[in-house]
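> In order, the protein sequences belong to chains A and B.
In this text, residue positions in the first sequence follow the working numbering: the first is 1, and each later residue adds one.
In this text, residue positions in the second sequence follow the working numbering: the first is 514, and each later residue adds one.
Be careful, since some hints might not be right.
Said to hold, decoys possible - Which stretches of chain B does chain A cover? Using the computed rule of at least three CB atoms under 8 Å from a CB of chain A, they are: (1) 607-617; (2) 635-646.
As the list claims (entries may be wrong) - A few chain A residues facing chain B, derived, Cβ under 7 Å: (3) Asp98; (4) Thr99; (5) Phe102; (6) Thr147; (7) Phe148; (8) His149; (9) Glu169; (10) Ala191.
Source of the hints: derived by calculation from the structure; they are not laboratory data.
Predicted, not measured: the structure shown is a model, and the values here were computed from it.
Even glycine gets a Cβ: it sits at the ideal position worked out from N, Cα and C.
Spelled out, the chains give:
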Amino acid sequence: MKSSVIITRDLLDEVGLLHILDACQCRSPQGNALKNSAMMYTKQSREALQDELAAIGRLLTLVELDHPQVPEAQIQLARLRELRGTLSRLEKGSLLDDTEFFELKGAFLIFKRLSKMTHLLDAANVSLDDTSSAAALLDPAGTGNPTFHIYSEYSPKLAEIRSRKKELEKEIRQSTGSQRKTLLTQRALIAAEESQEEEMIRQHLGASLAEFLPQIKNCVNSCAILDFRLAKAILAYRWDGCMPTLVEPQSPAVLQNAFHPLIAEMLEKQGLSFTPISIELRKGTTVLSGANMGGKSVALKTTFLALLMTQLGYFPFCESLETPMFDFFAFESSYDGDLHRGLSSFGLEAVQIRNHFRLSQNQTGLILMDEPCRGTKPADATAIVQALSNVYGRSKSTFLIATHYHVKQSPGIRFYQVRGINPDALAELPPYHHGAAKAPDSTGHSAESLSDLFMNLQNEDLSRVRRIQSLMDYRIEETDCQKHAPSGAIKIAELLGVDEELLREMIAVRQED
Amino acid sequence: MNPGAVKEDVELLRLTGLQDLESLAIIGLSKNAGKTTCLNHIIAAWTESWQRRPLALTSVGRDGESEDILNGNPKPRIYVPMGTLIASAEGALLRSDALLEILELSNIRTALGEVVVCRALSDGYVELAGPSVTDELEAVGKLMRKHEPDCLFIIDGALSRRSQAGCGLSEAAILCVSAETSGNPEILAEKASFALNLLQTPSLPESVAAVFSQELLTTTRKCVIMLSGEELNFSVSVLETPTLVGYGRIVANALTPATTYLFLQGALTDQVVNELLRERNFENLTVVVEDGTRLFINPSNLHKLHEHGIHLAVVNPLDVRLVCLNPTRSNGHTLPSGSVLAEMRKCISVPVVDLGPRTM
Numbered sequence: 001m002k003s004s005v006i007i008t009r010d011l012l013d014e015v016g017l018l019h020i021l022d023a024c025q026c027r028s029p030q031g032n033a034l035k036n037s038a039m040m041y042t043k044q045s046r047e048a049l050q051d052e053l054a055a056i057g058r059l060l061t062l063v064e065l066d067h068p069q070v071p072e073a074q075i076q077l078a079r080l081r082e083l084r085g086t087l088s089r090l091e092k093g094s095l096l097d098d099t100e101f102f103e104l105k106g107a108f109l110i111f112k113r114l115s116k117m118t119h120l121l122d123a124a125n126v127s128l129d130d131t132s133s134a135a136a137l138l139d140p141a142g143t144g145n146p147t148f149h150i151y152s153e154y155s156p157k158l159a160e161i162r163s164r165k166k167e168l169e170k171e172i173r174q175s176t177g178s179q180r181k182t183l184l185t186q187r188a189l190i191a192a193e194e195s196q197e198e199e200m201i202r203q204h205l206g207a208s209l210a211e212f213l214p215q216i217k218n219c220v221n222s223c224a225i226l227d228f229r230l231a232k233a234i235l236a237y238r239w240d241g242c243m244p245t246l247v248e249p250q251s252p253a254v255l256q257n258a259f260h261p262l263i264a265e266m267l268e269k270q271g272l273s274f275t276p277i278s279i280e281l282r283k284g285t286t287v288l289s290g291a292n293m294g295g296k297s298v299a300l301k302t303t304f305l306a307l308l309m310t311q312l313g314y315f316p317f318c319e320s321l322e323t324p325m326f327d328f329f330a331f332e333s334s335y336d337g338d339l340h341r342g343l344s345s346f347g348l349e350a351v352q353i354r355n356h357f358r359l360s361q362n363q364t365g366l367i368l369m370d371e372p373c374r375g376t377k378p379a380d381a382t383a384i385v386q387a388l389s390n391v392y393g394r395s396k397s398t399f400l401i402a403t404h405y406h407v408k409q410s411p412g413i414r415f416y417q418v419r420g421i422n423p424d425a426l427a428e429l430p431p432y433h434h435g436a437a438k439a440p441d442s443t444g445h446s447a448e449s450l451s452d453l454f455m456n457l458q459n460e461d462l463s464r465v466r467r468i469q470s471l472m473d474y475r476i477e478e479t480d481c482q483k484h485a486p487s488g489a490i491k492i493a494e495l496l497g498v499d500e501e502l503l504r505e506m507i508a509v510r511q512e513d
Numbered sequence: 514m515n516p517g518a519v520k521e522d523v524e525l526l527r528l529t530g531l532q533d534l535e536s537l538a539i540i541g542l543s544k545n546a547g548k549t550t551c552l553n554h555i556i557a558a559w560t561e562s563w564q565r566r567p568l569a570l571t572s573v574g575r576d577g578e579s580e581d582i583l584n585g586n587p588k589p590r591i592y593v594p595m596g597t598l599i600a601s602a603e604g605a606l607l608r609s610d611a612l613l614e615i616l617e618l619s620n621i622r623t624a625l626g627e628v629v630v631c632r633a634l635s636d637g638y639v640e641l642a643g644p645s646v647t648d649e650l651e652a653v654g655k656l657m658r659k660h661e662p663d664c665l666f667i668i669d670g671a672l673s674r675r676s677q678a679g680c681g682l683s684e685a686a687i688l689c690v691s692a693e694t695s696g697n698p699e700i701l702a703e704k705a706s707f708a709l710n711l712l713q714t715p716s717l718p719e720s721v722a723a724v725f726s727q728e729l730l731t732t733t734r735k736c737v738i739m740l741s742g743e744e745l746n747f748s749v750s751v752l753e754t755p756t757l758v759g760y761g762r763i764v765a766n767a768l769t770p771a772t773t774y775l776f777l778q779g780a781l782t783d784q785v786v787n788e789l790l791r792e793r794n795f796e797n798l799t800v801v802v803e804d805g806t807r808l809f810i811n812p813s814n815l816h817k818l819h820e821h822g823i824h825l826a827v828v829n830p831l832d833v834r835l836v837c838l839n840p841t842r843s844n845g846h847t848l849p850s851g852s853v854l855a856e857m858r859k860c861i862s863v864p865v866v867d868l869g870p871r872t873m
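In isolation and in its complexed conformation, chain B is listed as follows (with noise of 0.2 Å):
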């Protein structure tokens, strides 16, 4: 075990405060980020601390799976309790070898069949294959409460944070990061402070916020919405376009100097910001996304936002609790934790820690 690793599996409920939430979702910076040994210690923490509530786990696509279906490296498997609800493709519940009571069956298809609902009535080894959309894994969510309202529901981010943590969904987030992402200690503490701060991207004002929601039950398609004017009396224009990538001048052409709000739905990616940036009504506003995992932008760009008088806000905020390090990368080699651990918690404010591998 790492020399920073978390020597007890209980300390991480008193970290991230997990007996109180009822969702959490695991996000990755990285592939390999480490989110699937994460997942194990808290359910060893869960476990250990015999807690009440069971747990109900999904994923953002594969995971648990023996092998890296990309590079075929061993991977971590996960070990769940008697008692824990799963919701997994059919597929991927053949590879698992707990005994599993089915539930439901959610209609939900994937690339490994449809989404199962289950209980685990024994200990055992589970492969998780849930649904990719955010609206799936909603359903997917309060399938599972049906059966148990009071479990803390668990969305596991597949291979990158680009695999949403499901916008709305989790109260809570770890974020992992590995090795994987830079071996050197002090640029891999300042990506990740980096995507920490936009994954915590504060969110707008209630009022704002409603405004936005209520717009977006009305409408299906990817969607730019603008607010102009006043709080309280803004007049709201929308603009429908297949996607955000190649329509940055549209979008901008509709923006007028009263506009205040701009919320773009899907990822508002370095590309997106490239186009906006072009065009000179893209000035002193606040651009607004569903959630912190919609950003993907580079620092040099946020900083261009911010000389543009850019703002950038969320209508879901994340509540990111922990920051697992991951040291070791694919290839094997390791980074010295305590150091990168002591790089990282100069710039980050929530808890960083190295968990230590986890597997049964």
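This is chain A alone, in the form it adopts within the complex (with noise of 0.2 Å):
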């Protein structure tokens, strides 16, 4: 069975797949091939999975230890020329021309050096077969020199027209006028004698070069092979990636400590860190509730990418995580707002829930879903959010829900919950200073200019915004059920200087509640 991934462009860029996927950097044509062409693993591959990992491992090691040769195979990987097309003309019978012969000249020399770097080889779990049999028919002088030409070698009759030619040619160079013409005339004839003799030594060559054909293939795979794996080495060396466990089917999605190294980055620019993400994803339904910007969002995106990345065969970016395998994978988000704009927003939606359910009816899926019916009636969000909680409750698929919608405890559902602003922080925040910004004067105009008032915007109040956000507590922790936690806004419309009268209206307001 194919895996697959259900998701928009837009949304997969903002989880940053592909901009990580482009930091694994293959140094070779083949390994960028491969890369270009790997597909999920499936539970069927699960064996190759396990593989494929355990060589990055091995890998990784060798990186960590910075192991010399790591670097000396890239040198050699990035000098590895694409050969697809000179191997298929070898397997055609083609005439290969001398920069085709080059080509493989060069291939087989990084061949060698690379069948050397056994420790490397070992670890990737690829060896490559001995081409030094047809590595010799390009070199028949046995120099060891890269470069390449039809040599005399090949044929006494090409080394006796050579040798007349070059005669002639120092002739050339004495004579001057007719001589000089006649005796460049002399050497066209030769030269075209030459030309015919090595274009038979061309046949053969490509002849005696094609019996070596699948040691050639298997040489150009392994380095493929090799080369991704190193580069998935290096990325997991990069951004801590970790060796995933695969669990069994009914075993629960455990994550420890994961992070997002673009979002993390994009932070810290701004001077701020990433908290990392820790869940157990079991069977059936997680809500993940908590305040708006208390970055559901960012661990919902964290989440799928350690997930995927893991099945596509990378190291997620984890302290830890186990993991079953997924038929497939998909995330729905409300804020997906180009595929919406425009368009009934729930329609799509329904449309996605459509999918997904049908899909979890035969397969096991990931499924996430960032504030589904955001922009639906609460009620009629309130019934959709509890029916599909409900549903996937039941089910073998693994749901992760993000919702401000009060979701009931009902089998099968688990909650998590963002920490959000500890009250008593909020508290030990000073209170506001009422001189900071100057009121409006009487004819309703700024006392300041336009760009004055929104340089008070800039510095006061968003400093201020900005001391409050950072009192948020990113970590998600399994509850009992869901609850609303404090989200603290009337604090914060206090501490951000609203006026009594209104600050007294909005408490009542809330009791009433």
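Bring the two chains, given one by one in their own frames, into a single complex with the hints.
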């Protein structure tokens, strides 16, 4: 069965998978071709995935040890050229030209150097067939020189023709006028003879090399695998990827301190740090709730990225990760603006809900939904979210939903919550100082210019908003049921200088609720 | 041989100081300007004077083919001595009869295939078809130097001087001029002199050139860079335009009275100059281009620029060592070499010679 990923292009961009895979840089065209054609591993190819991950793990150890064979292999792999065309022509018996022989000679040298890197090859679990006999065909004098031309050693006849030509060229150098013209004409005839003989040699050389095609193809294939696995190991090293553990289908996916490198880098530029996500996703439904801007979307993206990368054969960015294999991955977000713009937002969500549900009837999937029914009437939305949670709670698929609608407890439903802002921390903030921003004057116009007012907003209020934001605890924790954590919204309004009259009204309405 | 022709190729070395150069560009003022003939003279001079350093040849576009691809007229072929390095496309190498040892594949693609770096293991004819982009020419130069660090790298320009000499790549240049440019010796001399002056447009003060070079490192798109204020304390602004043609007004609008230098990446053509001259802001500053081969303006426009207080400068100056005359037109008509040379020498300060035909 083919595993599939159901996600819009925009959301995939937001998840950052393609950017991250771009950072996995193969050195050879063969490695890149393998990377670009790589499919997701399926339950049927679980063993292959396990082998792949184990090889990356062993290579990662060499990368961490700064093993000299790692950069040396990268240099050799980077020198490898695209050989598909040449090999295909060789296979068809076409006449190769000198640049193609040169390419092959260069490849044989690379294979020879790589085959000596036993630590690396063992770690990557690849082997290179011996191509020394094929290489010898392109170096008849055994000089070890990487350059190429049709050597005189290939045929005594060629050597004799070239010797005659060389003598003539000496004479040409010393000749002038009509004598030179005559000699040049003679030279042209010898050059034609030489060209004919060279053509015959190319034919024989091609036929002889074709006998080594299986070994050459093995080496090309091994280089591609080595390159791709090494690139994955270096990617894991760069962003602290871990060796994931594949568990039985009924077991939960457990992520410990997962992080999202792209979001982490973005936060770092703002002087902030990424809060790692730890979550256990059992079969059934997991509801993630918490205040707005509490990092629910980031948690979903991080989780999706880690689990999807694992099944694509990469190390996920976590402290540790255990996961079963899924038949399909689906991610739907109501924040996915482009797709929904100008269309009935729920209409499109409904299509996805239908598709995911149908797939989950006979496949086990990982289905993530970020704030579904965001633009739907609260009563309907609550019913839909509850229904989804109930249904997936009974299914074999793993359903993770971030929502602010209330979900009642029911079999197969577990709850996680973003910790949010601790009310005690909010209380410790100094009260708002009313002289900070000037009030508009009686005419309704600001006493200062609009640009000054804008600066006030930037400097005074925005820095205060940032300070409050910095109190947000993005960690998620499991809870017994969906709790409405105190968002501290009214306290935040107070800390930002909302007038007393308005604050009193807010408190009163809240108490009525 | 024409009466004004240089009798000995070795004299060519004295005139150009080739022995002391690391790189040379051969630039043609028109089609059939005589670039290949000039190259053949250089090769002969180099061989006959037993130079130790090898030559390393490439061309901007295609050269050395036996027939003109446009009109089918026979063309001089390039005959190289053993030991010469060649950077040429695969397709062109198939039409070469020197025994060529492949040293490197450059990963640079042309219409005739990938550019291959080879060493001639025998004397023989070669056809050159090199890269057409400056960066690629530079890469080819580096590959050749990897194998022969001491070589004299010669870039043979293709159809006309519009194929650049390779911005900043060549230490010196030879300008080839033929009767194709004009059948009238006075006009021919005037046009050659004007072209030479543009090619030898003076360079910027080093400190200003350094500012542009630094900016160019960080900008890859065709761009316009403006420097305002005092030297050593310039304020730099960059305008990114896909090309210069059609953007004259936008460029001029970005100028302020404080702008002292305006760098234009790409060709400064009459069309661009006309667009700029229509704008009021465009006056009293120095217009900078990469090198003299980027200037394609006529004498009247150069005069107008001067009237607006506009000076021209280049980041990479070209040292034109020699002007070579080919007095023959493609229709077979030949101008009297002696009188044309005399006319040219009146207004051109560098040596002007007629090397005469040269082929193997």
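> Give a verdict on every hint.
Against the structure, the hints:
no.	hint	result
1	607-617	holds (count 7)
2	635-646	holds (count 3)
3	Asp98	holds (6 Å)
4	Thr99	holds (6 Å)
5	Phe102	holds (4 Å)
6	Thr147	holds (5 Å)
7	Phe148	holds (5 Å)
8	His149	holds (4 Å)
9	Glu169	holds (4 Å)
10	Ala191	holds (4 Å)
The structure fails none of the hints (numbered hints given earlier).
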